[in-house]
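Asker: Now for the letters of each chain:
Protein chains: 2
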Amino acid sequence: IASQDADWLKINVLDLHFADVAEILRPLSNDEAKYIYYLMDEDQQADVLMELDEDVRDRFLASLSTKEIADQLENLDSDDAADILGELSDEQVQEVISQMQDNDAIGDIVDLLNYDEDTAGGLMQKEFIKARVDWPVDRALVELRRQAEDVEQVFTIYVVDDLGKLVGVLSLKRLLFAKPKTKIADLFNGKNIISVKTSEDAEEVAKIMEKYDLVSLPVVDLQNKLVGRITIDDMVDFIKEEADKDFQLASGISEKIESSSTVWKISRARLPWLVIGMLGGILGAQVISGFEAQITSVPTLAFFIPLITAMGGNVGVQSSAIVVQSLAKGNDLFGSVLKKIGKETLVALTNGVLLSSLMYGIGMLFEGTTLAIVVSLSLFTVIIFASIFGTLIPLILNKYKIDPALATGPFVTTLNDVLGLFIYFTIGMLLYHI
Amino acid sequence: IASQDADWLKINVLDLHFADVAEILRPLSNDEAKYIYYLMDEDQQADVLMELDEDVRDRFLASLSTKEIADQLENLDSDDAADILGELSDEQVQEVISQMQDNDAIGDIVDLLNYDEDTAGGLMQKEFIKARVDWPVDRALVELRRQAEDVEQVFTIYVVDDLGKLVGVLSLKRLLFAKPKTKIADLFNGKNIISVKTSEDAEEVAKIMEKYDLVSLPVVDLQNKLVGRITIDDMVDFIKEEADKDFQLASGISEKIESSSTVWKISRARLPWLVIGMLGGILGAQVISGFEAQITSVPTLAFFIPLITAMGGNVGVQSSAIVVQSLAKGNDLFGSVLKKIGKETLVALTNGVLLSSLMYGIGMLFEGTTLAIVVSLSLFTVIIFASIFGTLIPLILNKYKIDPALATGPFVTTLNDVLGLFIYFTIGMLLYHI
Numbered sequence: 001i002a003s004q005d006a007d008w009l010k011i012n013v014l015d016l017h018f019a020d021v022a023e024i025l026r027p028l029s030n031d032e033a034k035y036i037y038y039l040m041d042e043d044q045q046a047d048v049l050m051e052l053d054e055d056v057r058d059r060f061l062a063s064l065s066t067k068e069i070a071d072q073l074e075n076l077d078s079d080d081a082a083d084i085l086g087e088l089s090d091e092q093v094q095e096v097i098s099q100m101q102d103n104d105a106i107g108d109i110v111d112l113l114n115y116d117e118d119t120a121g122g123l124m125q126k127e128f129i130k131a132r133v134d135w136p137v138d139r140a141l142v143e144l145r146r147q148a149e150d151v152e153q154v155f156t157i158y159v160v161d162d163l164g165k166l167v168g169v170l171s172l173k174r175l176l177f178a179k180p181k182t183k184i185a186d187l188f189n190g191k192n193i194i195s196v197k198t199s200e201d202a203e204e205v206a207k208i209m210e211k212y213d214l215v216s217l218p219v220v221d222l223q224n225k226l227v228g229r230i231t232i233d234d235m236v237d238f239i240k241e242e243a244d245k246d247f248q249l250a251s252g253i254s255e256k257i258e259s260s261s262t263v264w265k266i267s268r269a270r271l272p273w274l275v276i277g278m279l280g281g282i283l284g285a286q287v288i289s290g291f292e293a294q295i296t297s298v299p300t301l302a303f304f305i306p307l308i309t310a311m312g313g314n315v316g317v318q319s320s321a322i323v324v325q326s327l328a329k330g331n332d333l334f335g336s337v338l339k340k341i342g343k344e345t346l347v348a349l350t351n352g353v354l355l356s357s358l359m360y361g362i363g364m365l366f367e368g369t370t371l372a373i374v375v376s377l378s379l380f381t382v383i384i385f386a387s388i389f390g391t392l393i394p395l396i397l398n399k400y401k402i403d404p405a406l407a408t409g410p411f412v413t414t415l416n417d418v419l420g421l422f423i424y425f426t427i428g429m430l431l432y433h434i
Numbered sequence: 435i436a437s438q439d440a441d442w443l444k445i446n447v448l449d450l451h452f453a454d455v456a457e458i459l460r461p462l463s464n465d466e467a468k469y470i471y472y473l474m475d476e477d478q479q480a481d482v483l484m485e486l487d488e489d490v491r492d493r494f495l496a497s498l499s500t501k502e503i504a505d506q507l508e509n510l511d512s513d514d515a516a517d518i519l520g521e522l523s524d525e526q527v528q529e530v531i532s533q534m535q536d537n538d539a540i541g542d543i544v545d546l547l548n549y550d551e552d553t554a555g556g557l558m559q560k561e562f563i564k565a566r567v568d569w570p571v572d573r574a575l576v577e578l579r580r581q582a583e584d585v586e587q588v589f590t591i592y593v594v595d596d597l598g599k600l601v602g603v604l605s606l607k608r609l610l611f612a613k614p615k616t617k618i619a620d621l622f623n624g625k626n627i628i629s630v631k632t633s634e635d636a637e638e639v640a641k642i643m644e645k646y647d648l649v650s651l652p653v654v655d656l657q658n659k660l661v662g663r664i665t666i667d668d669m670v671d672f673i674k675e676e677a678d679k680d681f682q683l684a685s686g687i688s689e690k691i692e693s694s695s696t697v698w699k700i701s702r703a704r705l706p707w708l709v710i711g712m713l714g715g716i717l718g719a720q721v722i723s724g725f726e727a728q729i730t731s732v733p734t735l736a737f738f739i740p741l742i743t744a745m746g747g748n749v750g751v752q753s754s755a756i757v758v759q760s761l762a763k764g765n766d767l768f769g770s771v772l773k774k775i776g777k778e779t780l781v782a783l784t785n786g787v788l789l790s791s792l793m794y795g796i797g798m799l800f801e802g803t804t805l806a807i808v809v810s811l812s813l814f815t816v817i818i819f820a821s822i823f824g825t826l827i828p829l830i831l832n833k834y835k836i837d838p839a840l841a842t843g844p845f846v847t848t849l850n851d852v853l854g855l856f857i858y859f860t861i862g863m864l865l866y867h868i
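Protein chains in written order, with my numbering: chain L, 1 to 434; chain F, 435 to 868.
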């Protein structure tokens, strides 16, 4: 590659699938990547550009002039072009747009830039195929052929009335096998048309596409006029990103990071929760210091501090994980809060009885009776409380529109640590009469 | 609904989308559900059946006779039918199959039952559309029309040679706009055809479909003969399930559960990790008991036990979450283990210095110099070790083909608790000269 042998590259690299080419470009320097990039034809360039990781793409685009960026954007689907512009500064956006020549493309992109990234409008693309309900099949075929030039993947033909309002859908399959003079009106399916408004929340869109097993979803404006479509491949990316985000949030990482992010970015993303965890630990120290007299007289009490805090944390995390997933599936509508807590309490009782009996047995074996009772009783109480808090906190966060996945992380753990310590030492104090 | 007014139901329920009908059936008793179910036509029955939650579907199927099940299966796509049979006992499967009448369907389903559930073979369906490379467009249209009757969603036409081997793909769009006498051979795309073998691992299939943005993926046998296809809607379900599983594993839940599972099932799924956490806590107690003399002479040492264990746990979970996600993306090929650990150590150093300085400040404010030094120095050491373990453990698990998401859970936390305690008290012993 370093030798920049264009013929060799053409044969060995450019014939690959664009996703593979993107992978090859990743570790290269900007100059090398640019060299290979410009060996490709326009369509391939656009495909490869969208396959690059965000970090790599930003670096690569920064090395291009606004004129070069403008040329690239004209080859992209409108949603991809808008995404790329969304990552640039306002002045850069203006400059790039002023350099573009295709007025249709400009119109589409500027239109898309108006929508919030996390709404249906922000996810949709303007490339889709529509047919008027009053066309016959042969005319539709001619019109659609023209439209299809701009549209990479045709899944469904949207049927609109003379005002541009969405009235139904028509599969390519049905069109393909219909007689030329049949009217679209007699072919299309106008029942149970699933569509979303441009302002619909992206998570809601994902749920709808999943629920109804859709590969593309029409987007309409407030007047029910068809303005775009969302395709399943964008949705798959979105679903994956959301799952990753939840997983990271639950692990106490506050910004979206990848293993290729810089050391400082990773550190910064992890710091907030660690500080909260540390403050929780200091609060825990305060709680224990309140029981200093007890520790001095029965030092063995200190031995089981980690057991109590760890179990409180583990149980809490388990409980919130279940609630978080059930919320993510939109199940909140079907079970009342009280029912959830009731069930969670039953689970906690079952595990609490089992584990604290086991703990009592082990305690009796190695330590005295009083200690065994204190530890097992505290364990039981902590399991019950941690379950209830673990269930309640994500429900409360969700109610105030905060991502409940936050709860599964250090938040619940820290709270349960402090609470568990308090329960443990109070029970210890009471039973030891100290 | 209770009054079983068929006309009312027909108007108000059956006209809904099948996903909505399934939602209505969910809370109903088997008899009520069955009543509504049999008011629907066959296609709608099949769609609704596949939309039901697994628990509800099993309950519902159990109330049907094998003959009734057989009738239902004939209306389903082959992969869905095989999935349902996969949930029944061997005798039931035999009985159901013997009651089926459509020999093609039987052949397809029996064939699919041979594949492992988590392979491409287990995910694929036998309904797809193929064209011979030597057909002209007009003949292809006639043949495809016949094939299309069985296939619900046509995304791509697979092009095969006279031996049935996959040689390329053809979009419906291209076929639709081609002249009748053109040969398929001149239309189809034979470059960079992405296909998988039947034995390919399901996770790998998901990665391939994501990477190449495919809506359907052809499946071939060892001789490269086309045997089925995997569609994106099945893959979306699979991706969601995997994400849920990872999230649960990371939260210390060992079986796949839903919030609708029974109390006992939920308890059982959560118990194993709690027992491990408890054993970890007992091990921690052993470690602390080794330092009983130190606690007796400096009881304030005990105050910071929760801080040290919590921080070790939090840092460890963060580190493994990053590794787990990077492994899930298949990035393991690009960064060596040593590089990962080096970077992680840098992150740990950054956060370690920041947090332990902060801790030192707080410690000086509230406690004595020695304690401030002990706690902040231990915190620093624990952060470094927890990061390294948090990074190594998922890598090791992955090497031995164990799901690395296990590591993010109580596993890493427990290990880091014990290790952190040991570090903390050793430093305390050294600095206090006790």
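Quick caveat, the hints were computed from the structure, so don't treat them as lab data.
The beta carbon of each residue, even a glycine, is placed where N, CA and C say it ideally should be.
Watch out, some of these pointers could steer you wrong.
Cβ-Cβ distance ranges computed for the label pairs, FRET-style [unchecked claim]: (1) F/498 - L/182: 35 to 43 Å; (2) F/550 - L/143: 19 to 27 Å; (3) F/799 - L/24: 52 to 60 Å; (4) L/263 - F/800: 25 to 33 Å; (5) F/458 - L/164: 55 to 63 Å; (6) F/787 - L/53: 41 to 49 Å; (7) L/164 - F/641: 34 to 42 Å; (8) F/830 - L/338: 40 to 48 Å; (9) L/142 - F/573: 18 to 26 Å; (10) L/20 - F/498: 25 to 33 Å; (11) F/800 - L/293: 29 to 37 Å.
Derived, one-sided and incomplete: chain L residues facing chain F with beta-carbon distance under 10 Å [as the list claims (entries may be wrong)]: (12) 309; (13) 372; (14) 375; (15) 377; (16) 403.
Asker: Hint by hint, note whether the structure agrees.
Answerer: Each hint, compared with the structure:
1. At about 40 Å, the CB distance of residue 498 of chain F to residue 182 of chain L agrees with the hint of 35 to 43 Å.
2. The hinted window of 19 to 27 Å between residue 550 of chain F and residue 143 of chain L is violated, with their beta carbons roughly 47 Å apart.
3. At about 55 Å, the CB distance of residue 799 of chain F to residue 24 of chain L agrees with the hint of 52 to 60 Å.
4. At about 32 Å, the CB distance of residue 263 of chain L to residue 800 of chain F agrees with the hint of 25 to 33 Å.
5. Roughly 33 Å separates the CB atoms of residue 458 of chain F and residue 164 of chain L, a value that falls outside the hinted 55 to 63 Å.
6. The hinted range of 41 to 49 Å is not satisfied by residue 787 of chain F and residue 53 of chain L, whose Cβ atoms lie roughly 30 Å apart.
7. Between residue 164 of chain L and residue 641 of chain F the Cβ separation comes to about 40 Å, which falls inside the hinted range of 34 to 42 Å.
8. Look at residue 830 of chain F against residue 338 of chain L: about 44 Å separates their beta carbons, and that is inside 40 to 48 Å.
9. Taking 18 to 26 Å as the suggested C-beta distance range, the pair residue 142 of chain L and residue 573 of chain F conforms, at roughly 23 Å.
10. Checked against the hint of 25 to 33 Å, the C-beta distance between residue 20 of chain L and residue 498 of chain F comes to roughly 48 Å, which is inconsistent with it.
11. Look at residue 800 of chain F against residue 293 of chain L: about 19 Å separates their beta carbons, and that is not inside 29 to 37 Å.
12. Residue-level restraint check for residue 309 of chain L holds (minimum Cβ-Cβ distance to chain F is 5 Å; threshold 10 Å).
13. Of the supplied interface hints, the one on residue 372 of chain L is violated, with its beta-carbon coming no nearer than about 12 Å to a beta-carbon of chain F, more than 10 Å.
14. Because the closest C-beta pair between residue 375 of chain L and chain F is about 9 Å apart, less than 10 Å, the hint holds.
15. For residue 377 of chain L, the shortest C-beta to C-beta distance to chain F is roughly 15 Å, which exceeds 10 Å, and the interface hint is violated.
16. Annotation: residue 403 of chain L was flagged as interfacial toward chain F, and the flag is violated, the nearest CB pair being 13 Å apart, outside 10 Å.
Comparing the model with each numbered hint stated earlier shows that hints 2, 5, 6, 10, 11, 13, 15, 16 do not hold.
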